[in-house]
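Number of protein chains: 2
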Amino acid sequence: MSGEQELGITESKEHSTGEWYAEVVQKAEMADYAPMGGFIVTRPRGYAVWERIQDHLDGWFKDTGVQNAYFPLFIPESYLEREKDIVEGFDPEVAWVTHGGYDELEERLAVRPTSESIITPFIADWVRSHRDLPMRLNQWCSVVRWEATETKPFFRTKEFLWQEGHTAHADEDGAWDETMTRLEQYEKLYEDVLAMPVLKGRKPEHDKFPGAHTTTTVEALMPDGKSVQGGTSHYLGTSFAKAFDITYSDENEDEQLAHTTSWGLSWRSMGALIMTHSDDQGLVLPPALAPEQVVIVPIWQEDNKDDVVEYAADVAAELDEAGVRVHLDDRDNRNPGFKYNEWELKGVPLRIEVGPNEVDDEEITLVHRPDGENVVESRDQLVDTVEDHLDTVFAKLYASAEETLEGEIREADSREEILGTIGQHGGYVKSGWCGDEDCEEPIKEAIAAEIAMVPLDRDEEPVHDECAICGEAAEETAYWAKTY
Amino acid sequence: MSGEQELGITESKEHSTGEWYAEVVQKAEMADYAPMGGFIVTRPRGYAVWERIQDHLDGWFKDTGVQNAYFPLFIPESYLEREKDIVEGFDPEVAWVTHGGYDELEERLAVRPTSESIITPFIADWVRSHRDLPMRLNQWCSVVRWEATETKPFFRTKEFLWQEGHTAHADEDGAWDETMTRLEQYEKLYEDVLAMPVLKGRKPEHDKFPGAHTTTTVEALMPDGKSVQGGTSHYLGTSFAKAFDITYSDENEDEQLAHTTSWGLSWRSMGALIMTHSDDQGLVLPPALAPEQVVIVPIWQEDNKDDVVEYAADVAAELDEAGVRVHLDDRDNRNPGFKYNEWELKGVPLRIEVGPNEVDDEEITLVHRPDGENVVESRDQLVDTVEDHLDTVFAKLYASAEETLEGEIREADSREEILGTIGQHGGYVKSGWCGDEDCEEPIKEAIAAEIAMVPLDRDEEPVHDECAICGEAAEETAYWAKTY
Numbered sequence: 001m002s003g004e005q006e007l008g009i010t011e012s013k014e015h016s017t018g019e020w021y022a023e024v025v026q027k028a029e030m031a032d033y034a035p036m037g038g039f040i041v042t043r044p045r046g047y048a049v050w051e052r053i054q055d056h057l058d059g060w061f062k063d064t065g066v067q068n069a070y071f072p073l074f075i076p077e078s079y080l081e082r083e084k085d086i087v088e089g090f091d092p093e094v095a096w097v098t099h100g101g102y103d104e105l106e107e108r109l110a111v112r113p114t115s116e117s118i119i120t121p122f123i124a125d126w127v128r129s130h131r132d133l134p135m136r137l138n139q140w141c142s143v144v145r146w147e148a149t150e151t152k153p154f155f156r157t158k159e160f161l162w163q164e165g166h167t168a169h170a171d172e173d174g175a176w177d178e179t180m181t182r183l184e185q186y187e188k189l190y191e192d193v194l195a196m197p198v199l200k201g202r203k204p205e206h207d208k209f210p211g212a213h214t215t216t217t218v219e220a221l222m223p224d225g226k227s228v229q230g231g232t233s234h235y236l237g238t239s240f241a242k243a244f245d246i247t248y249s250d251e252n253e254d255e256q257l258a259h260t261t262s263w264g265l266s267w268r269s270m271g272a273l274i275m276t277h278s279d280d281q282g283l284v285l286p287p288a289l290a291p292e293q294v295v296i297v298p299i300w301q302e303d304n305k306d307d308v309v310e311y312a313a314d315v316a317a318e319l320d321e322a323g324v325r326v327h328l329d330d331r332d333n334r335n336p337g338f339k340y341n342e343w344e345l346k347g348v349p350l351r352i353e354v355g356p357n358e359v360d361d362e363e364i365t366l367v368h369r370p371d372g373e374n375v376v377e378s379r380d381q382l383v384d385t386v387e388d389h390l391d392t393v394f395a396k397l398y399a400s401a402e403e404t405l406e407g408e409i410r411e412a413d414s415r416e417e418i419l420g421t422i423g424q425h426g427g428y429v430k431s432g433w434c435g436d437e438d439c440e441e442p443i444k445e446a447i448a449a450e451i452a453m454v455p456l457d458r459d460e461e462p463v464h465d466e467c468a469i470c471g472e473a474a475e476e477t478a479y480w481a482k483t484y
Numbered sequence: 001m002s003g004e005q006e007l008g009i010t011e012s013k014e015h016s017t018g019e020w021y022a023e024v025v026q027k028a029e030m031a032d033y034a035p036m037g038g039f040i041v042t043r044p045r046g047y048a049v050w051e052r053i054q055d056h057l058d059g060w061f062k063d064t065g066v067q068n069a070y071f072p073l074f075i076p077e078s079y080l081e082r083e084k085d086i087v088e089g090f091d092p093e094v095a096w097v098t099h100g101g102y103d104e105l106e107e108r109l110a111v112r113p114t115s116e117s118i119i120t121p122f123i124a125d126w127v128r129s130h131r132d133l134p135m136r137l138n139q140w141c142s143v144v145r146w147e148a149t150e151t152k153p154f155f156r157t158k159e160f161l162w163q164e165g166h167t168a169h170a171d172e173d174g175a176w177d178e179t180m181t182r183l184e185q186y187e188k189l190y191e192d193v194l195a196m197p198v199l200k201g202r203k204p205e206h207d208k209f210p211g212a213h214t215t216t217t218v219e220a221l222m223p224d225g226k227s228v229q230g231g232t233s234h235y236l237g238t239s240f241a242k243a244f245d246i247t248y249s250d251e252n253e254d255e256q257l258a259h260t261t262s263w264g265l266s267w268r269s270m271g272a273l274i275m276t277h278s279d280d281q282g283l284v285l286p287p288a289l290a291p292e293q294v295v296i297v298p299i300w301q302e303d304n305k306d307d308v309v310e311y312a313a314d315v316a317a318e319l320d321e322a323g324v325r326v327h328l329d330d331r332d333n334r335n336p337g338f339k340y341n342e343w344e345l346k347g348v349p350l351r352i353e354v355g356p357n358e359v360d361d362e363e364i365t366l367v368h369r370p371d372g373e374n375v376v377e378s379r380d381q382l383v384d385t386v387e388d389h390l391d392t393v394f395a396k397l398y399a400s401a402e403e404t405l406e407g408e409i410r411e412a413d414s415r416e417e418i419l420g421t422i423g424q425h426g427g428y429v430k431s432g433w434c435g436d437e438d439c440e441e442p443i444k445e446a447i448a449a450e451i452a453m454v455p456l457d458r459d460e461e462p463v464h465d466e467c468a469i470c471g472e473a474a475e476e477t478a479y480w481a482k483t484y
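If you're matching them up, the sequences are chains S and V in order. For the first sequence, the residue numbers in the working numbering are 1 to 484. For the second sequence, the residue numbers in the working numbering are 1 to 484.
Wrong hints could be hidden among the right ones.
Which copy? The list can't say, so a pair holds if one copy fits it or any two copies do.
[What the hints assert, rightly or not] With a Cα cut of at most 27 Å, we get these calculated BS3-like pairs of lysine-lysine:
#1 Lys339 / Lys13
#2 Lys188 / Lys27
#3 Lys27 / Lys62
#4 Lys482 / Lys339
#5 Lys444 / Lys305
#6 Lys62 / Lys339
These aren't lab readings, by the way, just hints derived from the structure by calculation. Keep in mind it's a predicted model, so treat the numbers as computed, not measured.
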């Protein structure tokens, strides 16, 4: 049993969430810390999850008219400057390349923090006529933002992987539809693939993406009561089109200004996934993302080893044939208990145990990762049975996350109640809000909570008539939360 | 017909290969020039080809035990230094990040020129026992090498996309098998997907990857008579394992040194592809890589337009249903001739023309991109017919490239003959070679040709007994060529 101690998770999700998260990420071999603070190495088990997230999203993007492209890693300083007419810019967060080989560069190059300033001029160049619209580009790449904070794999790193979509449209309707299409695809990714319910909303005016008309967001609640921005989709209006001169000739040959959008989802989604479902035994993954969906552990004595292993191998072959990602763990040098722990740590959603009884009765024992429930089923209809159980595992994960979220949306109608409720429970607190950034300040200062979002629908009646902070007429409902 | 002039290729492949190549890349919308010299923007049509190259190779890698991972974009200067015990290093070619936000960094960070120096220490950390071997990691990423040369899209750019594989094995046999497996996958990519015959060989000792025991290569001949290194696979021996301390305990618990490999293929393969098959009408792509495999152009008069377009749409729907990538070009504002030119320029392998005659006779007319051959076929068995013709297009491309290559391998047994033959014909010239780098010099100096490769098999008899340059005993056969 040596090694088992070292293998297992020692921290507690409930009592030391941050340390527990870091331990799960490392021991489940999702990621490791790079030698430079703020950077991580994404190990094969982590990257395989990211690849599956990419596959889902990329397929949906392509089905809805998006084309992938690749723009340079570096952006000349003068290009970033050009954006300053409309936005504050990323200056304090930019990593600068100053030398190529032994020579100093004439102009510094920014390692892209996001690519509006290099992609938009090309869109401007490529769009001539209304027939060129809509133009929808996306790239999967890494970006760098030099934020001086503690490294938290996938949540907070100086370099991160993401996709960034950039589109141009003939009018506001087209661009607004695009904004919502991407937001809904992000929601679908969380709900149907990551087994995580999310809230769709808008960022308050003062917290929009620089230059955006509207920033929409999907927000996910973490088990420590904090909200994570899970993906954002921006309707940029004509501000970028004006700054970068994206015009087109319409059907009457008149020159018009395009409307643009941008939208992005990063590997933070993977951090939120790990944080939401995993437990004190280690990683928990939904079946669609798990590198192995099923692990088969044969349990034998010397006198029945051949029969048991043959039966297990046969089960594995049948599942593999059907496209289930299955691993047969027939290692001689580990006992079944060790194997259970190891695969629980690594987040395999379903374990099949096969011993002499299963062989005799032509059965299999299935054990669900998230709750350890085990069920004996007939060996007949193997593939259907396994797929049903994988669906059940998904449903359990989703139901558990949904239950948590539903219990964590509360209301408050005064500053004290907001502070008290978030202080005591975490989660979201809804209140009336006048729309003024000044009314966010006292909450931010006192407990570092902020307005995570407001409802998407601008015409929705506020939850209370008055702003919980200043008492003036409420313009909308604020969802207060501590955030990542 | 306005626009047609601007649309077409004006340069000649035969007489101005470089200018012609640049024109094809831009007008077929594969890539555009970035504002900084040495950088390009890969447009959707170019990126779609790269994605298909990735899909093929990535599938083969995964089928043969490779796992994808992602390592940081930046490498601390001290890590690059560590490699200097064994290699000269990439110093003159490195882009350096010196500032994060407003602050100067304590240690400069290299934008990765290749990742041995950051990946190998992690492999050393992760490998403990013989059970951890082989360990095979790959990443798809961009790398930066600050070479001060003219920008040639996909061939010569400061930033380029590639995959880099890094593996560790228990012994030389395992690592050598790995080296050859990857080289053969590169060969298969060129021959079965890109429709390009290649030569497999080794780089001469003095031209190996720094620190490698053996550098193997696939070389492709370009129409201007120069050789392109199409992908390289290095057996690194134990030199990196020694420098980075990759050891493992074997079955007897004895500590052993691992043997490592690395191997890479870049978007230069796309450059070679474009250069090889394209012509004065524009881009030519093999069917497996083309964004659209088939374009359907309906040819109508007013009185039969509805019938023709309906027939064409029906053909398109049936092909689409069968998984053929098909585009129906039913634009009203362009005549058929314009459409032919545009899709030829963009490299669609097969055109289907549908006019009133085809409708009446229930036929289709198929036109092969590479040579304009056109064939009338029955509308029955549409999918099989189209797939046969796509296969024929592939076969034509391969045969043409193969014929070129076969005619371009000559022999020479003196310095004068090498110079004269390459000077007159380009291509490869085989000669005996003593193995001494000094004997490469006079050829390099005179005509900038070099030894592109020597045969893989170290025991193969040289083509001549004597070195064509110095007259000493020949050790092996040198394949001389001008190179990219």
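ask   = 27 Å Cα cut-off: does Lys27 pair with Lys62 within a copy, between copies, both or neither?
value = Answer is between: at 23 Å across copies they meet the 27 Å cutoff, but 35 Å inside does not.
Check: From the Cα coordinates, with 27 Å as the cut-off, is the pair Lys188 and Lys27 best called within, between, both, or neither?
Finding: neither (29 Å within a copy, 38 Å between copies)
With identical chains treated as interchangeable, where does the CA-CA distance between Lys444 and Lys305 reach 27 Å or less: within a copy, between copies, both, or neither? neither (63 Å within a copy, 67 Å between copies)
Are the CA atoms of Lys339 and Lys13 at most 27 Å apart within a copy, between copies, both, or neither?
Classified as within; 22 Å inside a copy, 62 Å across copies.
First find the shortest C-alpha distance between Lys482 and Lys339 inside one copy, then the shortest across copies, and answer within, between, both or neither for a cut-off of 27 Å.
For Lys482 and Lys339, the Cα distance exceeds 27 Å both inside one copy (39 Å) and across copies (57 Å).
If the cutoff is 27 Å on CA atoms, where do Lys62 and Lys339 land: within, between, both or neither? Let me know, please.
between (40 Å within a copy, 24 Å between copies)
Hints 2, 4, 5 from the earlier list are contradicted by this structure; the remaining hints agree with it.
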